[in-house]
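S.K.: First to last, the sequence lines map onto chains A and B. Numbering-wise (our numbering), the first sequence opens with residue 1 and increments by one. Numbering-wise (our numbering), the second sequence opens with residue 1 and increments by one.
Misleading hints may appear alongside valid ones.
Unchecked claim - Cut-off 35 Å, straight-line C-alpha distance, at most; resulting in silico cross-link-like pairs (DSBU-like, lysine-lysine):
1. A/Lys131 with B/Lys45
2. B/Lys102 with A/Lys147
3. A/Lys33 with B/Lys102
4. A/Lys155 with B/Lys94
5. A/Lys157 with A/Lys83
These aren't lab readings, by the way, just hints derived from the structure by calculation.
Okay, here's what each chain looks like letter by letter:
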Amino acid sequence: MTMDRRSVLGLGGAAAAGVMLAPGLHLIAAPNKTEADGNKRWAMLIDVNKCASDCTACTSACRTENNVPMFGDPTRDIHWIRKVELKDKSGRRPSVSLPVLCNHCEEPPCVHVCPTEASFVRKDGIVLVDKHRCIGCRYCMIACPYKARSLVYHKTKLPEGGNPDVPIRGSGVVEKCTFCVHRVDDGKLPACVEACNREGHGAMLFGDLNDPESEIAKRIKSVPTTTVRKDLGLEPHVHYQGL
Amino acid sequence: MVRYPPLRVIQVLLVALLMCAAPLAVQAEMGHNHQSGPVKLQKPKGTACVLPEEQMRRTHMDYLKHKRAVTVREGVRVRDESLKNCISCHPSKKKFCEQCHKYVGVKPDCFECHNYPD
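Construct the complete structure from the given sequences, taking the supplied hints into account.
M.R.: Following this line, the structure appears as structure tokens:
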């Protein structure tokens, strides 16, 4: 069997026995299949008033779920989500504590600068790094206004009691929050949101903005919310309430 | 003119005959047991692989790489066909995957990041 241009482009070949992957190789659609849905827009709403300054449930849940290591060197440590303390210089408002993570922008500058198309936006709005393609150039880290990305400087191992379902990383690639894409695809909440709920704070809300019936869409419509560095026009999908 | 001893002629003919028959023997073997030449593979669980065995032997790398791209980039996840699911029928990397890979000298770096029990 020869592979013609049409079948390489996925236009032909798909006719009879499923999709042709390579000569002689056919993919037959299986029932237990899920796929990113282009009609969805995953987003998060963080209620700053409910976030306790001494609580790190979200950041530690993230590390456990995604096997994110701590090297103990602040210039090299990887952070997918971190707690930030905001102080009002005039002292009129009390300081607030909030988690900062990848904002999964509608117009992500990290994706625009990536020379290898390793950074990309999935159909449902989740911004991801394909670590198989990343060359570690770090343009994205400079482009991101939220400091959401980290370069992996050291080799890592699956930690004791780590999560075998999430791959670890090779050194020399850039990584960041994935909105726990593996959990979202499985119909679950991101680990940080689940941990925040478990602590009884309920400061993080996750859902589909395109679904007008979703809790997050209703809240964003009814209460004043904002995004960080709105002026940049990146349309972040992490919204804040009470900031 | 050179004269061949009759015994030598028979020897040559026999070798030639064997050479014709060998591919048939190999083909017959492919369909049946799980010994790829000198490589000893752990017997898989279950009755059939995710694709026919002949295809799996030759094209599992293309298959896995194609799956990798559509899973990471399009979010297509087919539970039965994922790398994680290979483990349920081929539970040992050392006794299955690496037997072959060592023999043919390929070093997939997948398992530096993806978990597959030894």
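S.K.: Quick check: which numbered hints come out false for this structure?
M.R.: 2
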